[in-house]
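Undergrad: Protein chains in written order, with my numbering: chain A, 1 to 108; chain B, 1 to 297.
What the hints contain is simulated information worked out from the structure, not anything from laboratory work. Hints should not be assumed to be uniformly reliable.
[Stated by the list, open to error] Pairwise CB distance ranges, derived in the manner of DEER restraints: (1) B:G90 to A:P7: 41 to 49 Å; (2) A:I57 to B:I53: 48 to 56 Å; (3) B:G141 to A:K6: 56 to 64 Å; (4) A:I57 to B:E13: 40 to 48 Å; (5) B:S200 to A:G52: 53 to 61 Å; (6) A:V106 to B:R219: 41 to 49 Å; (7) B:G224 to A:A107: 15 to 23 Å; (8) B:S49 to A:L84: 25 to 33 Å.
Think of the CB as a built atom: it goes at the ideal place given N, C-alpha and C, for glycine as much as any other residue.
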Amino acid sequence: MKFWRKPLDLDQVEIPRGEVHIIADRCKGCEFCVEYCPKDVLEMSTEFNAKGYHSPIVVKPNECVNCGLCEMICPEFAIFCIQLENRRLVDQEIESFEPETTPRMVAL
Amino acid sequence: MSKVIERTIDATEHPISPYIRMDRMPHIWCPTCGIGTVVKCYATALDESGIDINKVSIVSGIGCTGRTAGYMNLDGFHTTHGRAVPFATGLKLGRPELLVTVFSGDGDLVGIGGNHFIHAARRNIDLLVILINNFIYGMTGGQNAPTTPITAKTSTMPFGNFERPFNIPHLAASCGASYVARYTSLHVRRMTKAFKEALSRKGFRFIEIVTPCSTLYARLNKLGTGLNLINYYEKSSEIRNGVDTRDIDISFQDKIICGKFIDEERPTFLDMMHDHYKRTLGDRYVPMSNEGGMIRE
């Protein structure tokens, strides 16, 4: 979503929330999920898994919106999302909201 | 935009594990290979369209993609090289109730099995053909495939390819396929939608998926890893639905035109056969039951 200004009903918006589960030992470290996560929830870890690859780790668990892209793009069936209850933005997040002027648009 | 479906997931199991033989994981596909993504999207399409998986079967040939029949938890057939379409044709004619999917690579379907492919499209046999195009023979060691773009290097053409490659959607469309689409393995949502749409259609449905091959195609052409190839798909793929299939050739590291090109209803092989025999033989013609001829007695 592209915003040029702060939406007026920002305190009313319900944001879907997801929980990312990673089966680390199945990962082969292709980095597709890290590259294409729209909220940059994931990051490559510095630890090795059982096969000797770096698997992703969740660095911003609250940012996940359960879009399921990581689950769809993972060639190893090693990552999936579980839907949690929707949440509202807290006051602190509404104050610090900055419109995204140049979002990365990927046609999937 | 696809709608979110309600599902209950066990937090320790992957949601598509009913469709995949999880005891055979991890699969043999290389890191950054795109075939796993396509299998995942196909399983999701089966899941979302609510088809009874006992009535679905999957046939594949030899090659990296040929392993799919063994990895999916469906009735499958891992056939000889290039002969996935004939085996699937026999399966469909023997048991017309089945939903038969052919899942194979470019070298298998249009290289070695090219003749079978064009005749299945000409007869409009009721098959869903998913062709995974990585521009090279992967499992056998990177030989020149009929889809390798001009100037791309392969292990049998180290100074670059000079053969004109196939434009496979145009080949399928000109032979009479009733559904033709092409996506890259990055277009996960559009691909799943196309699979779902194709599962609900009749006739020869053909979907080409361009996937990265990091171990051979990217290495021999110095294109980096599969992630670099996926980024290239993001930059240079273009969605143009309904475009003339003559204009969608893929050149080396050039624009990839994606989208749904053909979607039309045509009588299938079995429809034509029943019609013809009913007209010529009248009451003497007893069509085979949907469950197959041998099971009736």
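Undergrad: Against each hint, give a clear statement of whether it holds in the structure.
TA: Evaluated hints:
no.	hint	result
1	B:G90 to A:P7: 41 to 49 Å	violated (59 Å)
2	A:I57 to B:I53: 48 to 56 Å	violated (34 Å)
3	B:G141 to A:K6: 56 to 64 Å	holds (57 Å)
4	A:I57 to B:E13: 40 to 48 Å	violated (20 Å)
5	B:S200 to A:G52: 53 to 61 Å	violated (43 Å)
6	A:V106 to B:R219: 41 to 49 Å	violated (26 Å)
7	B:G224 to A:A107: 15 to 23 Å	holds (22 Å)
8	B:S49 to A:L84: 25 to 33 Å	holds (27 Å)
Of the hints listed earlier, those the structure fails to meet are numbers 1, 2, 4, 5 and 6, in rising order.
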